[in-house]
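**Student:** Read top to bottom, the protein sequences are chains A and S. The first sequence begins at 1 in our numbering and counts up one residue at a time. The second sequence begins at 1 in our numbering and counts up one residue at a time.
Please keep in mind that the hints were generated in silico from the structure rather than gathered at the bench. Don't take each hint at face value.
Where chains are identical, the list cannot tell them apart; a pair therefore holds if satisfied intra-copy or between any two copies.
Under the rule of at most 27 Å between Cα atoms (straight-line distance), these lysine-lysine pairs were calculated in the DSSO-like manner [claimed, not checked]: (1) Lys-231 with Lys-23; (2) Lys-15 with Lys-400; (3) Lys-352 with Lys-398; (4) Lys-400 with Lys-207; (5) Lys-389 with Lys-400; (6) Lys-370 with Lys-275; (7) Lys-46 with Lys-572; (8) Lys-613 with Lys-46; (9) Lys-482 with Lys-446; (10) Lys-99 with Lys-85; (11) Lys-51 with Lys-190; (12) Lys-614 with Lys-601; (13) Lys-352 with Lys-475; (14) Lys-263 with Lys-231; (15) Lys-51 with Lys-613; (16) Lys-169 with Lys-207; (17) Lys-46 with Lys-284; (18) Lys-508 with Lys-68; (19) Lys-23 with Lys-400; (20) Lys-400 with Lys-46; (21) Lys-370 with Lys-46.
Protein chains: 2
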Amino acid sequence: MAFSYLDNLPVERAKELFINAVKEAVPIPDEEYVNTADADGRITSKGVYAKICAPHYHASAMDGISVKASDTFGAGETTPIVLRKESFHWVDTGDPIPKGDDAVIMIEEVVREGENVRIFSAASPWQHIRQIGEDLCAGDMILPSFTEITPEAQGALLAGGVINVSVVKRPTVAVIPTGDELVAPCEEPKSGEIIEFNTTIFSSMLKRWGCIPKVWDIQPDEPEKITAALKEAAATCDAVLLSAGSSAGRDDYSVGCIGQVGKVLCHGVAMKPGKPVILAMAGKVPVMGVPGYPVSAVLALQEFFCPVANWLCGRNENGYEFKDSATLCRSVVSSLKYRELVRARLGFVEGKLTAAPLQRGAGVISSLVKADGIIEIEQDREGCEAGEKVPLRCLCDKSKIINSLIVTGSHDPLIDEIADIAKRIDRDAKIASSHVGSTGGLLALKRHEAHMGGIHLLGEDGIYNINAIKSFFEKDEVILVKGVGRIQGLMTAAGNPLGIKDFSDVSKGFRYVNRQGGSGTRVLFDYLCREHGISPQSVNGWNREEMTHTAVAAQIASGTGDLGLGIFSAAKLYGLDFVPVCTENYDFAVLRSAWELPQTKMFISILRSEEFKKRLEALGGYTAENIGEVLQWS
Amino acid sequence: MAFSYLDNLPVERAKELFINAVKEAVPIPDEEYVNTADADGRITSKGVYAKICAPHYHASAMDGISVKASDTFGAGETTPIVLRKESFHWVDTGDPIPKGDDAVIMIEEVVREGENVRIFSAASPWQHIRQIGEDLCAGDMILPSFTEITPEAQGALLAGGVINVSVVKRPTVAVIPTGDELVAPCEEPKSGEIIEFNTTIFSSMLKRWGCIPKVWDIQPDEPEKITAALKEAAATCDAVLLSAGSSAGRDDYSVGCIGQVGKVLCHGVAMKPGKPVILAMAGKVPVMGVPGYPVSAVLALQEFFCPVANWLCGRNENGYEFKDSATLCRSVVSSLKYRELVRARLGFVEGKLTAAPLQRGAGVISSLVKADGIIEIEQDREGCEAGEKVPLRCLCDKSKIINSLIVTGSHDPLIDEIADIAKRIDRDAKIASSHVGSTGGLLALKRHEAHMGGIHLLGEDGIYNINAIKSFFEKDEVILVKGVGRIQGLMTAAGNPLGIKDFSDVSKGFRYVNRQGGSGTRVLFDYLCREHGISPQSVNGWNREEMTHTAVAAQIASGTGDLGLGIFSAAKLYGLDFVPVCTENYDFAVLRSAWELPQTKMFISILRSEEFKKRLEALGGYTAENIGEVLQWS
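One chain only, chain A, in its complex shape:
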């Protein structure tokens, strides 16, 4: 094999290598003729000229009569003229002007006298006539080369007699998935089987970029088969994407196989996620080895393949750009070795566009769904500080961010239900929630990076939330809103095979699944331990932290844990047994400055709604007394 380790080519250099090779190989893309009626969104391959004039005849622009203007000269209010039936013609809008006539008089200005008409003003030549070529003259260029055809342009082309139009041929792009462990999407994959969804993502992205994806069957990790697929693809398509195996590990055959069919320009770029990228040319056909992790794959395609797709489609090669900037909510550490692309949730808090970094794992596709934008940490930076302005690539309409409610705090599925109800009331509504635990939420409010957060923090005195609020905020900084009463309990396997009875069982050596420090459930755990005289650190599994109730439930359901503290709805979702321990107050802390925002008002009114109470009942494990009331805390 030509490469035994990865390059670390700077992103811009790698892009340039690839696009320049493509431009040299394909200076002018192929063209084809299509029906103008089917050409919406296509790109012209050359200048398009009108074949006929529009209108193609002199047409009446009004309902009325057509006349020779010279016959009407001298007509006036006091000197009307009578036109005999031989010297005028009745015309409707759009009718051709009879030969010899050169003006139209509106029907409203004509008085009928038997078959004749009386007129009270002279017509000027060519009045109320749409002359030949008013819109387009035969020979006029309607559209230049490499221009997108819009619905209006389709109309102009048809008006100009152009019923077939030469457009850039849509490039076909082969997508070859590889990997022994891959299976087609299904509801019940077996252990070790990975659902192959990357080709679905790739296909949709390619279609959005104007290409025609051609998806190959999943190829096993066998170099001969992969090479054969590549050869076939390069011979029949305009570009090739080889999915997964692009790194330099044991089963990563991509670079070797690509080397068999073409010239490798680069293997490995200084970008994270997305490092193990292969860029190559098989003759005139660009070939890209795409990383297997979905987030790496999406970002690498946007960065390196989108410019190629644009070029092959007849557009300029410009790809995704960092046109905006945002204020970073939390510090991000990065490596000097890479340009790092960080998914972020955007918010407008107190007039500032803020970006809260999301999970960074390259396998976490849901992080790309939650992301409103991508921020960039340049290759020569070791990271960025909270409060710094960072380059931003918006993934959504920025105007929608202004209306979104930023909810940062403790995790509870009821927030997703509120977000769903909000969408059903106002389809533009957006509630962007991040799960950082109760304390994390209060810190975000303190930094003015969120509008509100759910909290359930038990004080030393056994009272919920008030103490925590007091220790963080001045009297007028936040408003505390009554949320739900929430039953916390121990989740354990269905049928309770270990015979868990109450909280004291956590000290019996079973495998406990803990929550992260700062979360309300962790605070409750520590409080309960103290009450039961248990040392938290002595609990088996104390070190193993999960971020949400459902994550704890999932561990127990999978058999890698025996019990964990959490809420009833999570246990119910996973069919676990639930041993109630106590009822806690899960309330909402709202930044005073956000209190009057329409999105906050909507949130509070949903809290108080019957629809929401129904959803709480369906989830189970909640009480809703005085929900939505403002609590006094000073």
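For this one, chain A is given, so just place chain S on it according to the hints.
**Tutor:** Just chain S now, kept in the frame of chain A:
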């Protein structure tokens, strides 16, 4: 009929009436299940929850060995531990973690010793393991209601085991064209036949908005047939568009027919173009009578139907908005009776976004193709002054405007050819040309509303362009660039049946087709008349003004004129005879402040190119000596 004249309902009121009726009739749109793989761009009809965890098993995040972390405790640089083959397992990235193991050690940190391995540091529990639910937990809401599904979301849905997803059903929209004079698109329509291109425009717009258009056959102007088509459409579709006949003229049956199948909410709105609009409900089905003129139709659909389409598709009802503003180049007169929508060409000249109004005829579809934006003159305004800031709806990416070269001046097809060459060099290049005649071009430069303009103005002394430039500009304001030598001559019917010999023939009573005042060709005409001792006003047709060479040629070709002054390429296009009269200098005046712009430099370099010379030869009638040279004029 219920209405014998048009209402003049304010636009906002009419919109509100219509959308509120639709929202009441269809509070929640229909839903359907589609394959997740086909769901890109669709809108969820309800919240979508993960069915399985992703990953759905504990997976190795690295190539290496899986171990029980507790077996490794105590290992260090100086105290390595040997693991026997029974106590670890070889794993690749993505492999399931064998039961009992709870950590992965990277292959790089492992030293093989026969079948055993030696390790030099302890593993912490769950290191390098992608735990169950790291991405998504079963039961997590992946997307709330009424949210667009993106390629990334498709991936997350499949990862969460959602292989079918409930989405809003695409509404089907009936499009019924009416009119005896309409014919299907073709290259050779007969006189009086109008090419029916509106349904093509409507269909493409509807598809872009997420609807499925269903196009009916063209209906003749017979109320019974139109009513029958409406009934069938309202019974089988989710919305109905009835095209043309929506006014109150003789053959305008739409409102009567719509009244037969539903309730008319409004007939006639205070908007121009687009006044004769009918808004109605046939039970739960919105019905719109759309004006027949294409520009009126497009603007009325954007204004009134786009919000309805959005609502039926599961989006919010927001339609086209005036979000930007621009500085008006020329004053626009408007009526207090209407909100006027004016198509405009946008430009960035000296840092200011300017809007130059285009042709206002409601039939001129090409004006919508040339337009970069729509400006709005409010209903209570009698017009707007040049220099005023006006509300703007951008029709293109504003960033592209910055790069466009604004060429305003005399018409010549060579400018379109340069625009085409520019696109083939840089696909983002845009040359926006307006034909306002030579003098109009100089005035636009003087007002700093254009970067350059083509001029051919003959001075009293028989010298071209220099005098005109001197009379408008100070020495450093503009640069004059040598353009082409252009043969002007008399165009006349093929075979020259009238026996035109030279310019003096214009005084012989033939029907002359003149050019507008201020155009270089008009100045030349006046100069030649003076030379030949002819009084211009005495020429038959002196009053009849056309705006371009091709428009003059089109009139002569159609037989409504006998001769006209113009350039060879226009005569050639229409197969006319051409009697050469003189060669004139068609040069370019360039604003000094625009001289260094990249788009200006590209224009000049194209002028000097071989490719351009080839195109001039193909057009015919030009000389290209010293083309692109800067001319000294002070």
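**Student:** Give a verdict on every hint.
**Tutor:** These are the hints, each one checked on the structure:
In this homomeric assembly, Lys-231 and Lys-23 come within 27 Å of each other (Cα to Cα) only inside a single copy, at 22 Å, whereas the closest approach across copies is 55 Å. Taking identical chains as interchangeable, the C-alpha atoms of Lys-15 and Lys-400 lie at most 27 Å apart only when they sit on different chains, with a minimum of 22 Å there against 31 Å within one chain. With identical chains, the CA atoms of Lys-352 and Lys-398 are at most 27 Å apart both within one copy (12 Å) and between copies (23 Å). In this homomeric assembly, Lys-400 and Lys-207 come within 27 Å of each other (Cα to Cα) both inside a single copy, at 25 Å, and across copies, at 23 Å.
Both within a single protomer and between protomers do Lys-389 and Lys-400 lie at most 27 Å apart by alpha-carbon distance, with minima of 20 Å and 26 Å respectively. In this assembly of identical chains, the alpha carbons of Lys-370 and Lys-275 lie at most 27 Å apart only when taken from the same copy (22 Å versus 44 Å across copies). Within a single copy, Lys-46 and Lys-572 get their C-alpha atoms only as close as 63 Å, which misses the 27 Å cut-off; across copies the closest is 21 Å, which meets it. For a Cα distance limit of 27 Å, the shortest separation of Lys-613 from Lys-46 across copies, 18 Å, qualifies, whereas the shortest one inside one copy, 62 Å, does not.
For a Cα distance limit of 27 Å, the shortest separation of Lys-482 from Lys-446 inside one copy, 20 Å, qualifies, whereas the shortest one across copies, 66 Å, does not. Within a single copy, Lys-99 and Lys-85 get their C-alpha atoms as close as 15 Å, which meets the 27 Å cut-off; across copies the closest is 102 Å, which misses it. Only between protomers do Lys-51 and Lys-190 lie at most 27 Å apart by alpha-carbon distance; the minimum there is 14 Å, versus 62 Å within a single protomer. Within a single copy, Lys-614 and Lys-601 get their C-alpha atoms as close as 20 Å, which meets the 27 Å cut-off; across copies the closest is 67 Å, which misses it.
Within a single copy, Lys-352 and Lys-475 get their C-alpha atoms as close as 24 Å, which meets the 27 Å cut-off; across copies the closest is 48 Å, which misses it. For a Cα distance limit of 27 Å, the shortest separation of Lys-263 from Lys-231 inside one copy, 13 Å, qualifies, whereas the shortest one across copies, 63 Å, does not. When the C-alpha separation of Lys-51 and Lys-613 is checked against a cutoff of 27 Å, the pair qualifies only between copies, where the shortest distance is 24 Å, while the shortest distance within a copy is 66 Å. Proximity of Lys-169 to Lys-207 under the C-alpha cut-off of 27 Å is found in both arrangements, the shortest distances being 13 Å within a copy and 21 Å between copies.
In this homomeric assembly, Lys-46 and Lys-284 come within 27 Å of each other (Cα to Cα) only inside a single copy, at 22 Å, whereas the closest approach across copies is 46 Å. Taking the closest pair of Cα atoms, Lys-508 and Lys-68 come within 27 Å of each other only across two copies (21 Å); inside a single copy the shortest separation is 108 Å, beyond that limit. In this homomeric assembly, Lys-23 and Lys-400 come within 27 Å of each other (Cα to Cα) only across copies, at 22 Å, whereas the closest approach inside a single copy is 37 Å. Taking CA atoms no more than 27 Å apart as the test, Lys-400 paired with Lys-46 passes between copies only; the shortest distance there is 20 Å, against 38 Å inside one copy.
Taking the shortest alpha-carbon separations for Lys-370 and Lys-46, only the inter-copy value of 17 Å comes in at or below 27 Å, while the best intra-copy value is 41 Å.
Of the numbered hints given earlier, the model fails none.
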